[in-house]
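Engineer: Chain residues, written in single-letter form:
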Amino acid sequence: MKLNGRKIYKGKTKGKTIVTKDGISFYGGIDPDTGIVVEVGHELEGQSVSGKILVFPTGKGSTVGSYTMYRMKKNNTAPLAIINEKIDTIIAVGCIISEIPCVDMIDINLIKNEQEVVVNGSEGTVEIID
Amino acid sequence: MKLTSEDQDMLDGKYGKATQKSMEILTILGEIFEAEDMIDVVGVQIAGVSYDNLGEAGLEFLSEMAEDGKVRVLTTLNPAGMDRENWRALGIDEEFAKNQNRALDAFAKMGIITTCSCTPYLIGNTPHYGQHLAWAESSAVCYANSVIGARSNREGGPSALASALTGITPRYGYHLDKNRQGEVLIKVNAPVKGTDEFGVLGKIIGDKLVKLGKKIPYITGIPSASIEELKSFCASVATYGGTALFHMERITPEFDTYPKPSDIVFDINQSDLDKARAELIDDHLEIDFVSIGCPHASIHEIATIAKLLKGKKVKKEFWITTARPTKRIADEVGYSKIIEMAGAKFAADTCCVVAPIKGRFKGIMVDSAKACYYGRAKNKFKVKIGKIEECVEEATK
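If you read the protein sequences in the order shown, they are chains A and B.
Here numbering that gives the first Met the number 0 is used: the first residue of the first sequence is 0, the next is one more, and so on.
Here numbering that gives the first Met the number 0 is used: the first residue of the second sequence is 0, the next is one more, and so on.
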């Protein structure tokens, strides 16, 4: 199944999803050295987003979050790609400066956890493989 | 989004990598917010300057941008994590100072004027009515939009830098007339005086706007307000309400440009001011730190402090945070000498919000509602708000 959204940042990548219905704050919400979600009470608390296709509704929190994403990319702890329902400025700028493929305007209810998907940030599409 | 041929050249990399990356940021933001095109900005103010906020990651990004990036418009910085000259006396460690200077060097390499202040409008990055800006500091954005009638969105560190290196910003949000109308009518039915009280008022209005899910208040019942009172109000309403623009009847320049809101109306009485003030004073207080200058103290405020401190000795750590150029004026006219003789310290280029002082003090007394918020949230202090005279009295007692 192919979902059509909006391109935010270019690049095509294939990987396994990690899905949450909670918003994500990269600054303070995720440990940039390990990629593990540390926000208390978050649906993904204790799980790593590194090397996965991270699927969540939208970003929240401090604008420093864009720099945290950049630091994760340099640390090799960043997600492979990001899928949002509605992008916010922090996540968009974070993806651009860190060169993480990103698509938004996707109905994330159609994506399950640990599904294999192809994110095409240049086209703005998400293909669900299994 | 419509791009000019110059915009397209920047996006295609004809002016180098940093300019190209900047254009990528701006065009994508423009598309997200459905901007029709780009507009020229006359000034930029960049946040994310303190190494405490930037970290190695932010610094690495800045260094990469500084490889070939050069500013196209007047650009200044938000406060850094330390006083660039007096950092040792303020208890900043060597390692932090080294890293902070690396960040400031990267900014300087790009041609940015490295005055570090949250009040750029007091020190030469001073727009006039109707001009477009890309500013990041939330209190300064609120001041520019509301008090001056210039136009800026609340930029983040990277998007402000992108505007500095390209001279443009996408045309959306507060750049457009249609997004500048007051949404909520607020009637103030009690006298409001002093930086502390304007901060308390900002907290009440900010909290209320968050509850209503609204952004732009239209305020009546304030007969007059000084620059210092307005800057304190801006800082507070931006901190508690995320507000980037307000109208104040017969005080701010656009108060009669758009229709006055009438659907949502609420009153602020003396009891509301008293209640909000009480919320900015913690129980079981032990004050060991006093700080004035959030937002950065004006020369008028410094003159007031010098007058109050003359011939006295402070008994607690007492910082006056201000912009370097304002400190130079204070040096020139002799205020600095009086203040330093009393044992108080200038912390220029920085402030009690962004300096790395988490947990260093038990309780802070300030005349700023914004400083109360960050004193609690970021630095884990107990807080007390008071008039500038009460702050000086506390420091000397």
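Worth flagging that the hints you see were computed from the coordinates, not collected in a lab.
Careful: at least some of the hints might be erroneous.
[What the hints assert, rightly or not] For the chain B half of the interface with chain A, some residues (derived, Cβ under 10 Å), not all of them:
#, residue
1, A135
2, A224
3, E227
[Unchecked claim] Some chain A residues flagged as far from chain B (calculated, every beta-carbon gap over 10 Å):
#, residue
4, G14
5, D30
6, P31
7, I35
8, T67
9, T88
Treat the numbers as computed from the prediction; the structure is a model and nothing was measured.
We put the CB at the ideal spot given by N, CA and C, even for glycine.
Engineer: It remains to establish, for every hint, whether it holds in the given structure.
Structural biologist: So, going through the hints one by one against the coordinates:
1. The interface hint given for B:A135 holds, since its Cβ lies 8 Å from the closest Cβ of chain A, which is under the 10 Å cut-off.
2. Given hint, B:A224 at the interface with chain A, is violated; its Cβ is 29 Å from that chain's nearest Cβ, farther than 10 Å.
3. For B:E227, the interface hint is violated, the least distance from its beta-carbon to any beta-carbon of chain A being 27 Å, above 10 Å.
4. The non-interface label for A:G14 is consistent with chain B: the shortest C-beta to C-beta separation is roughly 22 Å, beyond 10 Å.
5. Against the 10 Å criterion, A:D30 stays outside the reach of chain B, whose nearest CB is about 13 Å from its own CB.
6. Its closest Cβ contact with chain B, about 7 Å, brings A:P31 to no more than 10 Å, contrary to its assignment away from the interface.
7. Non-interface status of A:I35 relative to chain B is upheld: no Cβ of that chain comes within 10 Å, the nearest being about 17 Å off.
8. For A:T67, the condition that its CB be more than 10 Å from all CB atoms of chain B is violated, with the nearest at approximately 7 Å.
9. Non-interface status of A:T88 relative to chain B is broken: a Cβ of that chain comes within 10 Å, the nearest being about 6 Å off.
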